[in-house]
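S.K.: Assembly of the complex is requested from the two constituent chains, each provided in isolation within its own frame, with the hints serving as guidance.
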Amino acid sequence: MNRSKWRNVRNELFSNKWGIAAVIVLVIFTIGAILAFLAPYDPNKLNVLERLHKPSAAHWFGTDDYGRDYFSRALYGGRVSLLVGFTSMLLATTIGVIVGIASGYFGGWLDNVLMRAVEVFMSIPSFLLLLLLSVLLKPSVTGIVLIISFLMWMSISRIIRAETMSAKEREFVLYARASGQSSLGIIIRHILPNLMPVIIVGASNTIGSAIMLESSLSFLGFGVQLPTATWGSMLNNAQGYIGQAPYMAIFPGLFIFLTVLSFNVLGDILRVGFEPKLSRR
Amino acid sequence: MRQLIARRLLQTIPMLFFVSIVCFAMIKMAPGDPVLNFVTPSMHADDIERVRHNLGLDQPAYVQYFHWLKECLTGNLGYSLVNHKPVLGQILERLPATAGLVGISIALAVLLAIPLGLLAGAYRNRWVDKLVNLLAYIGISIPLFWLGILFMYFFALKLGLLPSMGMRTIGKDSALDMIKHGILPCSVLTISFLSSYVRYIRSSTIGQLKEDYVQIQYAFGSNQTAILFRHVTKHVLLPVITLLGLSMAELVAGAIVTETVFTWPGIGSLTVTAAKGMDYPIIMGVTLFSSLMLMLGNLAADLLYSVADPRIKQTR
Chain A
0 MNRSKWRNVR NELFSNKWGI AAVIVLVIFT IGAILAFLAP YDPNKLNVLE
50 RLHKPSAAHW FGTDDYGRDY FSRALYGGRV SLLVGFTSML LATTIGVIVG
100 IASGYFGGWL DNVLMRAVEV FMSIPSFLLL LLLSVLLKPS VTGIVLIISF
150 LMWMSISRII RAETMSAKER EFVLYARASG QSSLGIIIRH ILPNLMPVII
200 VGASNTIGSA IMLESSLSFL GFGVQLPTAT WGSMLNNAQG YIGQAPYMAI
250 FPGLFIFLTV LSFNVLGDIL RVGFEPKLSR R
Chain B
0 MRQLIARRLL QTIPMLFFVS IVCFAMIKMA PGDPVLNFVT PSMHADDIER
50 VRHNLGLDQP AYVQYFHWLK ECLTGNLGYS LVNHKPVLGQ ILERLPATAG
100 LVGISIALAV LLAIPLGLLA GAYRNRWVDK LVNLLAYIGI SIPLFWLGIL
150 FMYFFALKLG LLPSMGMRTI GKDSALDMIK HGILPCSVLT ISFLSSYVRY
200 IRSSTIGQLK EDYVQIQYAF GSNQTAILFR HVTKHVLLPV ITLLGLSMAE
250 LVAGAIVTET VFTWPGIGSL TVTAAKGMDY PIIMGVTLFS SLMLMLGNLA
300 ADLLYSVADP RIKQTR
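Protein chains in written order, with numbering that gives the first Met the number 0: chain A, 0 to 280; chain B, 0 to 315.
Keeping only pairs whose Cα atoms sit at most 27 Å apart, straight-line, the calculated BS3-like set for lysine-lysine is:
(1) 275/B - 137/A
(2) 69/B - 84/B
(3) 16/A - 129/B
(4) 137/A - 27/B
(5) 233/B - 129/B
(6) 84/B - 137/A
One-sided and incomplete, this derived list gives chain B residues near chain A with beta-carbon spacing under 8 Å:
(7) 136
(8) 140
(9) 255
(10) 277
Source of the hints: derived by calculation from the structure; they are not laboratory data.
The C-beta atom is built at its ideal place from N, Cα and C for all residues, glycine as well.
Just chain B, with the same shape it has in the complex (with noise of 0.2 Å):
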C-alpha cells in the first residue's frame, strides 16, 4: 500500500512539471512586454532595461522558468494586471463561494443519482428506465446558460419566488438568503452533474446484477429490493468514488458559466471578468489551480478506490 502511494506521487510529480511547462509557455506567448507596466514617461532606455534586468526578463527563457517555477511552490502565483492584487488570494477570496455552491451540487446530485441509477438498471426498459433516461439525455444535451436563463425567468422573473443575482442582498446578512440566492445556480449545477453521474451509476448496476454473487443470493431468498440496497449498491458505490475524485477540479472553475449567468461572486465570474481585462495572470492562476486539484483528485480517486476494492491493480 505505501509502495502504492509513493509510485502514484512519484508519477504525479513529473506531469505537475509537465502541465507547469506548458503555462508557462503559454505566459510567454502572451502579447505585449511586460516590462511597459513598469515603465513611466520619464524613463531612459538604459533605465528600461535595468527595470527587465530587476525584473530577470533579460534572462533565457529556461532561467525564467525556474524563476517562476520556485515563485509558485512558494506560492506566489504573481500579480493581477488590473488591481495589481497576488493572484493566489484573490483565488483564495473567491474559493469558498464556488466550492460552497459546486461542492453542495455535486453532494446533491450523488445522493439523487444513486437511488435513480440503481432503480434504472433495476428495472431496465421499464417507465422508471425510460424517464431517468430521458432526463439523463436532456440533462447532457443541455446548455447550462440556457437553463440558467430559463430558470431565471420563470423563477425569479415570473414567480418572484427566488432572487436572480449574486449571493446575498445587500444589508441582509443572513444564512436564509444566502440560501435561496443559491438555490437557482445550485439546481443548474445539480441537474447537469446529476446525469453524467445516473448514465453511470446505471450501467453499473446493470453489469452488478449480472453477478454470481446475486444469483447467490436469489437462491438464499432474498426479494429484489433487499439485494439491490444492501448488496448491490455497495459495488455501485465504488465507481462513484472516481467519479468524484474526477469532480475535484470543478470544486474551483467548474462553474464558470452558471457563475456568470447568475453573477456568483466566485472563482468562475472572477475568470471572466479577468478574462474581460486581458488580465491573463488571473486566468493562468486559475488554470494551475485546478490543475494541481484535477491531479490530485485523480490521485485520491486511485487510491481510494485500491483501498476499497483490493482487488484492483495498479497498472498504471
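Only chain A is shown next, with the shape it has when bound in the complex (with noise of 0.2 Å):
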C-alpha cells in the first residue's frame, strides 16, 4: 500500500463525476447526522393540530400523521441507519479480516474448521436468521449492530483468506521469516498492508449492505424500537398514508437508495483505483 497507490484512487475518484457526486452525497449526509442536534424541532415531538401537513417553509419535508416534524425525523433517522452502518461495517470487516487472515496464513486444522463455519453460516439464509434473531432475543440497536455484523462477515473473511494465501508466498513475506519475526509481527507488517485494497473495497460494499438490511428489518417493523426514527421504520409508518402524504415515502427512501447507491458506486471506483490492471469500466 504505498502513496502511488493512493494517488491512483484519488485521481480515479476525481475524476469521475459519479464518484464526485458519491462522495458530495456522503458528506452531505454524514454532516447531517452529525448536527441532527440543531434540527428545528424535536422529532418524537407530538403534535396533533399539525398533523400530515404538506411540505412547507415550517417543515420543509411536511408532518408525518402525528404532526412530528418529517425534516427533524429524517435527520435523527439518518443518524441511526448511516450508524449501523458504519458500526456493523466496521465490526463484520474486523471479524473477517481476523478469520481471513487467521485461515490463510496458518493453513490446516484451523483453516478447515473456520471455512467449515464460514458455509454453515453461508447455508442459512442470512435474513431470515437476522428476522429470527431480532423477534428472539428484541435487540436494541447494539444488539442490532452485533447480529448485522455477525452475518455479514463471511464473504469478506473468504476473499481475505484467498488473498493471505497468496500473498503469504511472496518474497517479502518469506524474508521477514528467514530473518525470524513473529508470525504476529509478519501479518501486522506485511501481510496486513497488503490486504488494504481488497478490505477497503469489501467494507464500502458491506456498509451499503448493512444499511439496506437494517432498513428492511426496521420496515417489516423489527429493527430499531420505535419511537426511535430509522429511514426503514419512516417508511413503515409511511406507508398507510400513501394515498394522503405521498411525500412522507418518497423522502427515506429516497435517502436510503442515495447512501446505497453512493457506497455501492465509492465501492467500484476503489477497486479500479487500487487495481488499475482490471481495466477501466
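M.R.: Put into C-alpha cells, the structure is as follows:
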C-alpha cells in the first residue's frame, strides 16, 4: 500500500463525476447526521393539530401522522441508519479480516474449522436469521449492530483468506520469516498492509448492504424500537398514508437509495483505483 | 461423474447437520418455557413435571436434539404457537404463491438479462452499456420496499391501472385477475434479480470476447452479431446456471419484503406475521426449509455446471 496507489485511487475518484457525486451525497448525509441536534424541531414531539401537513417553509419535509416534523425525523433517522451501517461494517470487516488471515496464514485444521463455519453461516439465508434473532432477542441498537455484523463477515473472510494465502508466499514475507520475525509481527507489518485495498473495497460494499439490511428489518417493524426513527421505520409508517401523504414515503426511501447507491459507486471506483490492471469500466 | 455426485452429496450431509445444530441452538435460545403452553391453572407441580417428561424436556440437550432431528427428518417441523397447526403444512400451503411469484420473476429476469448483458458487454462504454450499467446500479441500490411503494402509488393509486394488494379480488377467481395482482410485485422482484444478473453476464461476456475462438470466428469472416448470439451466448449461459442454483433458496423466502408491501399471501408474509406474533416455530421452519433449498440449489448448480462443462475440475 504505497503512495502511488493512493494517488491512483484519488485520481480515479475525482476524475469520475459519479465518484464526486457519491462523495458529496455521503458528506452531506454525514454532516446532517452529526448535526441532527440542530434540527428545527424535536423529532419525537407530537403535535396532533399539525398532522399530515404538506412540505412547507415551516416544515421542509411536511409532518407525519402524529404531527411530528418530518425533516427533523429524517435527520435523526439518518443518524441511526448511518451509525448502524458504519459500526456493522467496522465489526463485520474486523471479524472477517481476523478469520480470513488466521485461516489463510496458518492453514491446516484451523483453516478447515473456520471455513466450515463460514459455509454453515452461508447456508442459512441471512435475512431470515436476522428476522429470527431480532424476534428472539428483541435487541437494542447495539444488539442489531451485533447481529448484522454477525451475519455479514463471511464473504469478506473468504476474500481475505485467498489474498492472505497468496501474500504469504511472496518474497518479502519469506524473508521476514527467515529473519526470525514472529507470525503476529509478519501479519501486522507485512500481510495486513498488502490486504488494505481488498479490505477497503469489501468494507465499502458491506456498509451499503448493512444499511439495506437494517432498513428492511425496520421497514417490517422489527429492527430499532419505536419511537426512535430510522429511515426504514419511517417508510413502514408512511405506507399507511400513501394516498394522503406520498411525500412521507418519498423522502426516507430516497435517502436510503442515495446512501446505498453512493457506497456501491464508491466501492466500484475504489476497486478500479486499487487495481488499474482491472481495466476501466 | 457418479463419483462426483456421491462426493458432493456426502459433503452436503455434514453441512445440513451443522445447520440443524445452529437452528436447534436458536430454538433453545428462545425465551419462555415451552411447557407453559400446556399448563392449565388446575395442574399440580408434579403434573407439570410429568408434562415436561412426556415432552422429553427433562432430557439432556443432545438427547432432545436427536429427538428433534428425527421429527424433522420425518417431516414434522413442529407446531405453530398461535394456531397449533403443523408448521410444514402451513409452509407447503403458502409455497405455490411464493414459488410462482419468484419463479416467474427469475425467469423474466434471466430472459431480459441475457440479451442486455451481451449487448452491454459487446458495446462496452457505448450508450447501451452506460444505460444498462446505470439501470443495474439503480436496481441494486434501490430498497425493494420503497420501489414497491412507489409502484403502488403510481400504478395503483394515481393511474388506477392495477390492484395494489393481495392475490385475488374477493369473489373473482379468474387467472386474469391473479395475473393483474401479480404484475406489480413481479416487476419489483424482476428488477432486483435483473440488476445482479445483468452485471454478471456483462462481465462474463467481456471475458469471453477476449477468447481465441472469437478471434477465429472473426478470421473466418463471421460478423459480430453472429458471433455474439451464436457462440458467446453458449459460454455466457454457463455461469447463469450457478446463478439459478443460488436462486433456489429465493423461491422459498426471497420475497419477504415485497410480499409484505403487496400483502401477497406467500411464505414471506407468513414469516412476517409469525414474527409479529412471536411464533418462532414457523420462522424456524421457514429458515430450515430455505437452508435446505439453498444447499440443494448449490449442489444442483455444481453438478449441472460440471455436466455442461467437463473441463471444470471439482476441487471443493
